[in-house]
Amino acid sequence: MRHIAKLIGLSAIVAAFVAPAAAQAADATATGLVDGTVTAGSTVCSWTNAVTSDVPSNTLTIDNATVNPPGGNLGCNDGTGLVLNNDPVVTFNDAAGTAAADAIDVTVTKSGISCRYRAEGIDMTRDGTTRHYSGGPYTGIKTGGSFLCPGTATIDTADVWFH
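If you're matching positions, the sequence shown starts at 12 in my numbering and goes up one per residue.
These aren't lab readings, by the way, just hints derived from the structure by calculation. Treat the hints with care, since some could be wrong.
[As the list claims (entries may be wrong)] Here are the in silico distance ranges between beta carbons for each label pair:
#	residue 1	residue 2	range
1	Ile-124	Thr-70	29 to 37 Å
2	Phe-158	Thr-136	34 to 42 Å
3	Thr-140	Thr-70	17 to 25 Å
4	Thr-42	Ile-124	32 to 40 Å
5	Ser-53	Asn-104	29 to 37 Å
6	Gly-162	Thr-136	26 to 34 Å
7	Gly-108	Ser-157	36 to 44 Å
8	Asn-69	Ser-122	38 to 46 Å
[Stated by the list, open to error] In silico SDA-like pairs for lysine to any residue, Cα to Cα no more than 20 Å straight-line:
#	residue 1	residue 2
9	Lys-153	Val-66
10	Lys-153	Ser-122
11	Lys-153	Gly-92
12	Lys-153	Thr-163
Given the structure is predicted, the values throughout are model-derived calculations rather than measurements. Every residue, glycine too, gets a C-beta built ideally from N, C-alpha and C.
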């Protein structure tokens, strides 16, 4: 159960940073992309080229349709299913070297058990002057799914690259 909780938490974090990119794809004037990786225990989930509604340092939204298959390529190394349910809004503070997502809502499926989690106030730190941000751990609160799902799930680390 603890492993499932970590996987679910991982999914929530991925969703938060992927959703803004997806929103960009939905907008014909979208100009940004975002890649990401989240880790929970031995589970690693990642995606590339999700669309964002703008580019940093402007506030942007990630379009979950460009994160989740079939429009995106979000996948995990161990077969865990992960779906980003929302379009996260990401704000940047270049003076402080930080980025923050308002919320991430994800559904994680492992061994046929689906659990839905939401994490809010996701803060990350920029790597130097690049657009690579990292952070963690993050905790998602269960909002739905099987009675077998733990009440919370934790993501150990998350990394995103805006380009």
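Now the hints, each set against the structure:
1. Ile-124 / Thr-70: 29 to 37 Å: holds, 36 Å
2. Phe-158 / Thr-136: 34 to 42 Å: Between Phe-158 and Thr-136, where Cβ atoms are some 37 Å apart, the hint holds.
3. Thr-140 / Thr-70: 17 to 25 Å: holds, 20 Å
4. Thr-42 / Ile-124: 32 to 40 Å: holds, 39 Å
5. Ser-53 / Asn-104: 29 to 37 Å: Given about 33 Å between the Cβ atoms, the range holds.
6. Gly-162 / Thr-136: 26 to 34 Å: holds, 28 Å
7. Gly-108 / Ser-157: 36 to 44 Å: holds, 39 Å
8. Asn-69 / Ser-122: 38 to 46 Å: holds, 41 Å
9. Lys-153 / Val-66: Cα-Cα ~31 Å, so violated.
10. Lys-153 / Ser-122: Since the Cα atoms of Lys-153 and Ser-122 sit roughly 18 Å apart, the hinted pair holds (cutoff 20 Å).
11. Lys-153 / Gly-92: The given pair, whose Cα atoms are some 16 Å apart, holds under the 20 Å limit.
12. Lys-153 / Thr-163: Given that 20 Å is the threshold and the Cα spacing comes to 6 Å, the pair holds.
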